[in-house]
Amino acid sequence: MAKRLPHRRVVIVGGGLCAALISRQLTAQGVDVLVLERGIDHANGPAARLPSQRDELRWAQRQGLMQNWQRETYTLRHTRHEESLPVRWMGAFLPGEGVGGAASHWNGQTWRWSEYDPALRTRYETRYGKSAIPKEMPLQDWGTTYAELEPYHDLFEKLFGLSGKAGNIEGLIQAGGNPFEAPRRDEYPQRPLEITEAGIIFKAATESLGYRPFPGPAANSSGTYLNPDGQRLGPCQYCGHCERFLCEAHAKATPDGLLYPLLRTRKSFEIRTHAQVLHIDYDRQAKRALGVRYLDLESGEEYQQPADIVVLAAFTMSNTRLLLLSGIGASYDPTARHGVVGKNFCYQTQSGVGLFFRNRWINPFLAAGCTLTAIDEYNNDNFDHSALPFLGGANISAGVTNGRPIRSRSTPSGTPRWGTEWKKANAEWYAHSCGVGAQGSCYPHVENYLDLDPVYRDIYGLPLLRMTFDFRENEVKMSRWVTEKVGEICKAMAPDIMGPVKGLQGPFDSRVYQSTHVTGGTVMGADPRSSVVSTHLQHWDAENLFVVGASVYPHNSGYNPTGPLAALALRLGDDLVRYSSRPRQL
Amino acid sequence: MGLYLRCILVMAVVSALILPRAARSDAPKKAAFDQCAVCHSTDGSNGTGPTLKGVFGRQSGTVAGFRYSRAMRGAGIRWDEKTLDQYLSSPQEFIAGNVMPFSGVDDPTERASIIAYLRALN
Ligand SMILES: Cc1cc2nc3c(=O)[nH]c(=O)nc-3n(C[C@H](O)[C@H](O)[C@H](O)COP(=O)(O)OP(=O)(O)OC[C@H]3O[C@@H](n4cnc5c(N)ncnc54)[C@H](O)[C@@H]3O)c2cc1C
Numbered sequence: 001m002a003k004r005l006p007h008r009r010v011v012i013v014g015g016g017l018c019a020a021l022i023s024r025q026l027t028a029q030g031v032d033v034l035v036l037e038r039g040i041d042h043a044n045g046p047a048a049r050l051p052s053q054r055d056e057l058r059w060a061q062r063q064g065l066m067q068n069w070q071r072e073t074y075t076l077r078h079t080r081h082e083e084s085l086p087v088r089w090m091g092a093f094l095p096g097e098g099v100g101g102a103a104s105h106w107n108g109q110t111w112r113w114s115e116y117d118p119a120l121r122t123r124y125e126t127r128y129g130k131s132a133i134p135k136e137m138p139l140q141d142w143g144t145t146y147a148e149l150e151p152y153h154d155l156f157e158k159l160f161g162l163s164g165k166a167g168n169i170e171g172l173i174q175a176g177g178n179p180f181e182a183p184r185r186d187e188y189p190q191r192p193l194e195i196t197e198a199g200i201i202f203k204a205a206t207e208s209l210g211y212r213p214f215p216g217p218a219a220n221s222s223g224t225y226l227n228p229d230g231q232r233l234g235p236c237q238y239c240g241h242c243e244r245f246l247c248e249a250h251a252k253a254t255p256d257g258l259l260y261p262l263l264r265t266r267k268s269f270e271i272r273t274h275a276q277v278l279h280i281d282y283d284r285q286a287k288r289a290l291g292v293r294y295l296d297l298e299s300g301e302e303y304q305q306p307a308d309i310v311v312l313a314a315f316t317m318s319n320t321r322l323l324l325l326s327g328i329g330a331s332y333d334p335t336a337r338h339g340v341v342g343k344n345f346c347y348q349t350q351s352g353v354g355l356f357f358r359n360r361w362i363n364p365f366l367a368a369g370c371t372l373t374a375i376d377e378y379n380n381d382n383f384d385h386s387a388l389p390f391l392g393g394a395n396i397s398a399g400v401t402n403g404r405p406i407r408s409r410s411t412p413s414g415t416p417r418w419g420t421e422w423k424k425a426n427a428e429w430y431a432h433s434c435g436v437g438a439q440g441s442c443y444p445h446v447e448n449y450l451d452l453d454p455v456y457r458d459i460y461g462l463p464l465l466r467m468t469f470d471f472r473e474n475e476v477k478m479s480r481w482v483t484e485k486v487g488e489i490c491k492a493m494a495p496d497i498m499g500p501v502k503g504l505q506g507p508f509d510s511r512v513y514q515s516t517h518v519t520g521g522t523v524m525g526a527d528p529r530s531s532v533v534s535t536h537l538q539h540w541d542a543e544n545l546f547v548v549g550a551s552v553y554p555h556n557s558g559y560n561p562t563g564p565l566a567a568l569a570l571r572l573g574d575d576l577v578r579y580s581s582r583p584r585q586l
Numbered sequence: 001m002g003l004y005l006r007c008i009l010v011m012a013v014v015s016a017l018i019l020p021r022a023a024r025s026d027a028p029k030k031a032a033f034d035q036c037a038v039c040h041s042t043d044g045s046n047g048t049g050p051t052l053k054g055v056f057g058r059q060s061g062t063v064a065g066f067r068y069s070r071a072m073r074g075a076g077i078r079w080d081e082k083t084l085d086q087y088l089s090s091p092q093e094f095i096a097g098n099v100m101p102f103s104g105v106d107d108p109t110e111r112a113s114i115i116a117y118l119r120a121l122n
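So the sequences go chain by chain: A and B. Here the first sequence is numbered in our numbering, starting from 1 and rising by one per residue. Here the second sequence is numbered in our numbering, starting from 1 and rising by one per residue.
Keep in mind that the hints were calculated from the coordinates and are not lab data. Fair warning: there could be bad hints in the mix.
To be verified - In silico SDA-like pairs for lysine to any residue, Cα to Cα no more than 20 Å straight-line: (1) B/K30 <-> A/L226; (2) B/K30 <-> A/T79; (3) A/K287 <-> A/S534; (4) A/K135 <-> A/A387; (5) B/K30 <-> A/G223; (6) B/K53 <-> A/K135; (7) A/K158 <-> B/K53; (8) A/K158 <-> B/D34; (9) A/K130 <-> A/D381; (10) A/K158 <-> B/A37.
What the hints assert, rightly or not - Which chain B residues stay away from chain A? Per the calculated CB distances, all over 12 Å, these: (11) D34; (12) G74; (13) R78; (14) K82; (15) T83; (16) L121.
Claimed, not checked - Cβ-Cβ distance ranges computed for the label pairs, FRET-style: (17) B/K30 <-> A/A526: 47 to 55 Å; (18) A/D296 <-> B/T109: 52 to 60 Å; (19) A/A492 <-> B/T109: 39 to 47 Å.
Cβ coordinates follow ideal geometry from the N, Cα and C atoms, glycine included.
Use the sequences and the hints to build the structure in full.
Dropping the structure here:
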């Protein structure tokens, strides 16, 4: 029997980025908040200090800060006609675990998406006609606009002290910035990071081809920064240990560095670690969430935590799975094209070309998570698709983010995978290689979705989440086309050796890291027939239940996901202050 | 002119020379210390780094309750103008294996104002 705990005002599932941002807004107004996080607090542990922070084997290869795959994994099949099997060791994407979530060990590339992204369906239909969007691509508008989110983007960027160069200030295009950037009210809080050697070569080549390169927006601090909450960032040391690591120099903006320390000083805030949420208690008649059930992973005790308001902020996969496990909302069925939970599951379409320069010192170890120089001419709908057999596009960049001893081993194709020749090639090329990558959009497909696996269960006896996913025709064609452009840029960079120019090919490979940018499953929208939550992220089947994170995106853009989801979380925090004083359909 | 008056006059001249200068350089001192403040307090509490309250004249690696690296514990340095300047210009060169995640301050004037600021804390 689960032990019943005293009732709370707001309970948030997951102690990552979204939970921290929502809590910041709520506790500023004195609203009672309890955050339940399955992981531990790493802030004073070996991941957060030297020299153990640099243990690549422990944190990166063995995923020391990520979800424990022995306790909970996902099953995968590429089409719904295949049998799904559990992924025993996930490589493709790495959900976080512990205070700060995946955002504690992220790279920090913090984009605002294209101004038209929240109204993408309308954009494509107006530009290319109603028939431009294939029937099997359920693109949908979010029901909110970029303009509504802009103040929250601005707040988030000031809280996280972003380093960058504005490309569009209130409609005026700025030299040196991204001319395709959504209009922003002012400059980035800090100057851009240092440009890398790879960035210098890329910049010259893209400029010679007529493109407009710019430094990527970074949550790695280029200088010393004091945020509006009085929290500090130190200057980045370019150590190349961002992605998959905590930042011991406090130079990477993270929820565990900037937000939770502040929240802990506020009286109405509490976070419980080791709290694995298993279920949302739901009153079907009253259409209300009653609270959550969780397991204390230290004691093995099960608790029932009643709440007035429940917020799911447990990342894409857990958000979707908890709704399915709790039977809230209809599970998406691709045959009948009915149901909403689990639909529009998307990923990111990545490809790249390797380059080797005998006489240029790339020195990849001198880098940060966001040392990238990029162009946006071929991203999303920044170019004309009328004669093209696909929709979407990609951000193209020379991004050197690390030169770590285990991971960063680029050798020219044809090099043996081991032995003397491999060693020689390593010594020859380690300091002289880089890549140009295309990070592309991924649009929904009716056959890509999440549901509960009928066979496999987690360590607690609950059904695993099943991914039915592959890169479909649209993404494969887009990737092929954009990667050709990457190839042209690479030629202009004049390397001594250039790797093959190949777009992304299916099948989706769960072993190879691509990005932790899985989106959808609990999408937002104005129509309850095609969305799980409203434009204010309120569940259509439970007025006091809210969901936030990349799971609410109806599609994935050609950018990393965190900018807009952070803006949505801050806005949700403000919405919940209002809702808490007067509960209603927002 | 009596001695007393002369003294006052001299003091007035001296303070006219010194005070504005002190007031001017006070702000940059603190600004330069901002890059340390993310890890070091000046109020006696330990953070990512040991408190720098009273660091001037202190033996290295001796703040109670702070977990130093073996390198810092064994360094046996007394912090003064010279040692701080050496440490801050290249922390790893000066104390190999210490774990301060900070690569140092290149500009000698900036180092000097940080050190002046630390000294003023005593
Ligand atoms: C290696 C890596 C690099 C990345 N780099 C970038 C980047 O450069 N740019 C970018 O935009 N994005 C990046 N991301 C993605 C970014 O980290 C996420 O978009 C962001 O953290 C999402 O915030 P969130 O609050 O939704 O989820 P998270 O921050 O992951 O927080 C979710 C929390 O919920 C907890 N949780 C899950 N299930 C349960 C449960 N059942 N019970 C209790 N708690 C639960 C988890 O333990 C976790 O702490 C990266 C991610 C990784 C892993």
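Evaluation of the provided hints:
1. In summary, the hint linking B/K30 to A/L226 is supported, as the alpha carbons are separated by about 13 Å, within the 20 Å threshold.
2. Of the supplied pair hints, the one linking B/K30 and A/T79 is violated, its CA atoms being roughly 61 Å apart against a limit of 20 Å.
3. Proposed proximity of A/K287 and A/S534 is supported: the alpha carbons are some 15 Å apart, at most 20 Å.
4. Note on A/K135 and A/A387: the hinted pairing holds, with a Cα-Cα distance of about 18 Å set against a maximum of 20 Å.
5. For the proposed pair B/K30 and A/G223, the alpha carbon gap of about 15 Å is at most 20 Å, so the pair holds.
6. Restraint check for B/K53 and A/K135: the C-alpha separation of about 67 Å exceeds 20 Å, so the hint is violated.
7. With a CA separation close to 30 Å, the supplied pair A/K158 and B/K53 exceeds the 20 Å bound.
8. For the suggested pair A/K158 and B/D34, the alpha carbons sit about 18 Å apart, so the restraint of at most 20 Å is met.
9. Restraint check: the Cα-Cα separation between A/K130 and A/D381 comes to about 16 Å, which is no more than 20 Å; the hinted pair holds.
10. Of the supplied pair hints, the one linking A/K158 and B/A37 holds, its CA atoms being roughly 19 Å apart against a limit of 20 Å.
11. For B/D34, the condition that its CB be more than 12 Å from all CB atoms of chain A is violated, with the nearest at approximately 4 Å.
12. With a closest Cβ-Cβ approach of about 16 Å to chain A, B/G74 is found to remain outside the 12 Å limit, as its non-interface label requires.
13. At the 12 Å boundary, the C-beta of B/R78 stays outside the reach of chain A, the nearest C-beta of that chain being 24 Å off.
14. Its beta-carbon lying about 25 Å from the closest one in chain A, B/K82 satisfies the requirement of being farther than 12 Å from that chain.
15. With 12 Å as the threshold on Cβ separation, the claim that B/T83 sits away from chain A holds: the shortest Cβ distance comes to roughly 21 Å.
16. With 12 Å as the threshold on Cβ separation, the claim that B/L121 sits away from chain A holds: the shortest Cβ distance comes to roughly 18 Å.
17. Checking the proposed 47 to 55 Å range against B/K30 and A/A526 shows it holds: the Cβ atoms sit about 52 Å from each other.
18. Between A/D296 and B/T109 the Cβ separation comes to about 55 Å, which falls inside the hinted range of 52 to 60 Å.
19. Judged by the Cβ atoms, the range 39 to 47 Å given for A/A492 and B/T109 holds: they are separated by roughly 43 Å.
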